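S.K.: Below are the chains, spelled out letter by letter.
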Amino acid sequence: MEWIEIFDISLLRSLLRSTAPIAIVGLAAALCSAAGVLNIGLEGKMLNAAFAGVAASYYTESVWAGLAAGVTAGLLTALLFGLLSFTLGADEVLAGLAINIFSLAGTTYLMRTIWGQAGFFSDPRIVGFEPIHFTFLEGSFLEPFLSDFTYSVYLMFFLAVGLHIVYYRTRLGTAIRATGENPEAAEDAGINTVRIKWLVTIFSGALAGISGLFLSLENLTMFTEGMSAGKGYIGLVASSFGNNTPLGTFGASAFFGLGDAIGIRLQGVYELDSRLILMIPYALTVVVLILIGIRQRLKVRPVPIPES
Amino acid sequence: MDKFSFKDVLVTVAGLFITVFIAWVLITATGNNPSEVAKYLYEGGFKGTRNIANSLYQATPLILTAVATLVSFRVGMFNIGINGSMYVGALYAGWAGYRFTGLGHFSHVTLCIAIGMFVGAAWMLLPALLRVYAGVSEIISTIILNFVAVLFVSYMANGPFRADPIAPATPRILETAELKQIFPNSQFNTGFFIAVFVAILAHFVLNKTTFGYELRSGGDGLVGMYPSRFSSYLGIPSDRSAITGMLISGALGGLAGAIEVLGAVRYFFQELEFNQGFDGILIGILGKLEPIGAIIASLFYGAIKNGGFYVDYKTDVAREIIIVLISILIFFVSAQKIVKGLEKYPIVKKLDSIFSRKKM
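So the sequences go chain by chain: Y and F.
At position 308 of the first sequence (counting the first as 1) the number is 308 in this note's numbering, and the numbers step up by one without a gap.
At position 30 of the second sequence (counting the first as 1) the number is 30 in this note's numbering, and the numbers step up by one without a gap.
So that you can see chain Y by itself, here it is in the shape it has in the complex:
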C-alpha cells in the first residue's frame, strides 16, 4: 500500500470522529478565552463527566441518564471553578489546576473504591450512544460523508455554526467579546462582566461535560483512568490557534483530528511503535504552539526592555 492511498473516505470519517471531542471542548475554551477567562479546568470537567456518564449508564442502563449525569457533572465542576475564581478570589490558573488534579484523583478513587477496578471499568450494562443512520440518504453519494456518525460529530458542526452566529450577530456575543477585550470599557458600557464570566463558565462546563461524556459513551462505552488524556488542554490550544473564534477553533481542531486520523491509519500500514503514534496529538500540539508563537512574533513587536 502506498502512503498516498490512506487519503480516502474512511480517513475523512476517522478525521471527523477524532475532531469532535477536541472541537467541542475547544469551542468551550474559545468561549471562555473570548470572555477573558483562562479555563485550565476544562480537562477536569471532561473527566468528571466521562465518569458520571458511565456510572449513570451502568446503574440505570439508560444512555440518556448517562447524558444527564455527564452534563450535570460538567456543570457542577464549572460551578466549583466559578465559585473559586469569581466569588472567592482564587487565581483562575490555580483553581483550574486544583480542579484537574482533584478530578483525576477523584474519579480514580471512586472507580477503585466503588467497583474495585484499577485502570479501567467496562461492563455490558453500560449503554452507549449508537451512530445515527439517515435512511433518506441511503444510496446517495452523500451517505458516506454524512450518515452513520455518532452524535458528537453532528453536534460539533451545529455548535461551531451556532456559536459563530451568537458571537457576531447577537448582543450577548458582543458583550462576551467586549468583556474579554476590554473589561473596563465593557463595564462602562453597562455590561456586567462578572455575570458574563459566570455565564461562559457555566455554558463551557456543560460543553466540556458533553465532550467528556462522548469519550466514555460513544465508541468505547467504558471509563479509563485519566481518559480525557489532555484533550481539554488541546482544546485550549485549538482555541488559541483559531484566535478564539468559533470557526477558527473548529478549523484548528480539524487539524488535530487529521493528525490523529493519519496516525491511526499509518499504524495499520507500517509497523510503528504505538507510543510514537500516541505521541502524535501532543507533538502536533507543540508544533501548533510554535506556530502560534511565530504568528504572534510577526503580529506585534514586543516592547523592548531596557538592559541594565
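FYI, nobody ran anything at the bench for these hints, they're computed from the structure.
If you want a taste of the chain Y side facing chain F, the calculated C-beta under 10 Å gives, among others: (1) L38; (2) I40; (3) G89; (4) A90; (5) F102; (6) G106; (7) T113; (8) A118; (9) V237; (10) L276; (11) L278; (12) A283; (13) V286.
Note that the coordinates shown come from a computational prediction; the quantities given were computed from them, not determined experimentally.
Glycine is no exception: its CB is placed at the ideal position from the N, C-alpha and C atoms.
Once you have looked at the hints, place chain F on chain Y.
M.R.: Only chain F this time, still in chain Y's reference frame:
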C-alpha cells in the same frame, strides 16, 4: 507574596478541619469505616522506623518538585511541566548510571545527577523561550510536554535504552552510581539530604541574595500573572530572570527524577510512574511558595501519602483519597477572599500583628 501570617494559618487549619469532615463523609459514603482509615493512615505514616523512613522517602522528590514549582511561580512563570522534567531527568540519570564505567562513587553520582538536572532543564527551554519571546502561554506548553515526556521515556525504555529482552527496562545502574539506602526494607536514601539541602539553599538564594531578588522581581506579589513591568523599570531584565527561573525549575524536576532512579529504583523501566511533579504544585502552594514551607508541607504530605498506601493495602479505600483531600484543601487555601475577609475581624488583625512581629 506575603510571609506566613496568622490568617493564612487560620484558613489552612480551618480548611484542614473541613477537609477531614469531607473525608469522613466520603469514606462513609463509599462503605468504609473512617476511624479505621484514620488509624491505618497514622500507622502507615508514623509508626515504627520503617514507616517513618518510608514517609521521608516519599517526601524526598516532593521537596524538590515543590521547590521547582515555587521557583517558577516566583519568577512569574507557571511551570506545570515539572513531572515531565522528572521523567526525562530520571531516564537520563539512569542511562548515565550504567553507561559510564570506572568512575569513583562521588564522581559517578555527581555526573548522573548533573546529567539528570541538565536534561530536566533542557526540557523546559522551549516553553520558556516560547513564553518570553513569543507570548505563548507556558502553562499549556508545559502541560502538553508532560504527555510527550511520558510517551518519550516509555519509548526509550522500550527501544534504544532497553537491555532486558523480556521486560522493557534499562540495565541496572552500577554500584558507583547508587545513592545509599540507609534503613533495611526501606527505599529511603541519601537523596533526602540532597533535597533538604537544595531547599535550604533555595531559601537563602531566593530571599537573601541579589540574584534571588532579581529572579523574584519578575513575579513576586503577582503570582498568577505575567512578569511585571516593574522589574524592567528597576533595570532588571525580567525576560532573563523568567528564563533562568524556568530552567532552574526544570533542573530541580530533573534532580527529583535522578534521585528516584539513583536512590530508590536503581534502573528505569517502562511502567515507572511519577506524579510528584503535580503533587509538588499543591505542596508549593500549601507552603505559601516558600522553600522552608515546602519542606514542612512535603514532610506532612509524604507521611500521609505513605499512610495512604497502607490504607489502600488494609482497606477498600483507594490511595487516591489523599490527593482528593489535598486538592480540596488547596481550594480553601487558594481562596484569597476568605483570607482577606478575615481581616475585618479585629481579633484576627491583632493576632496577625503579634504573629508577624514574632517572625522578625
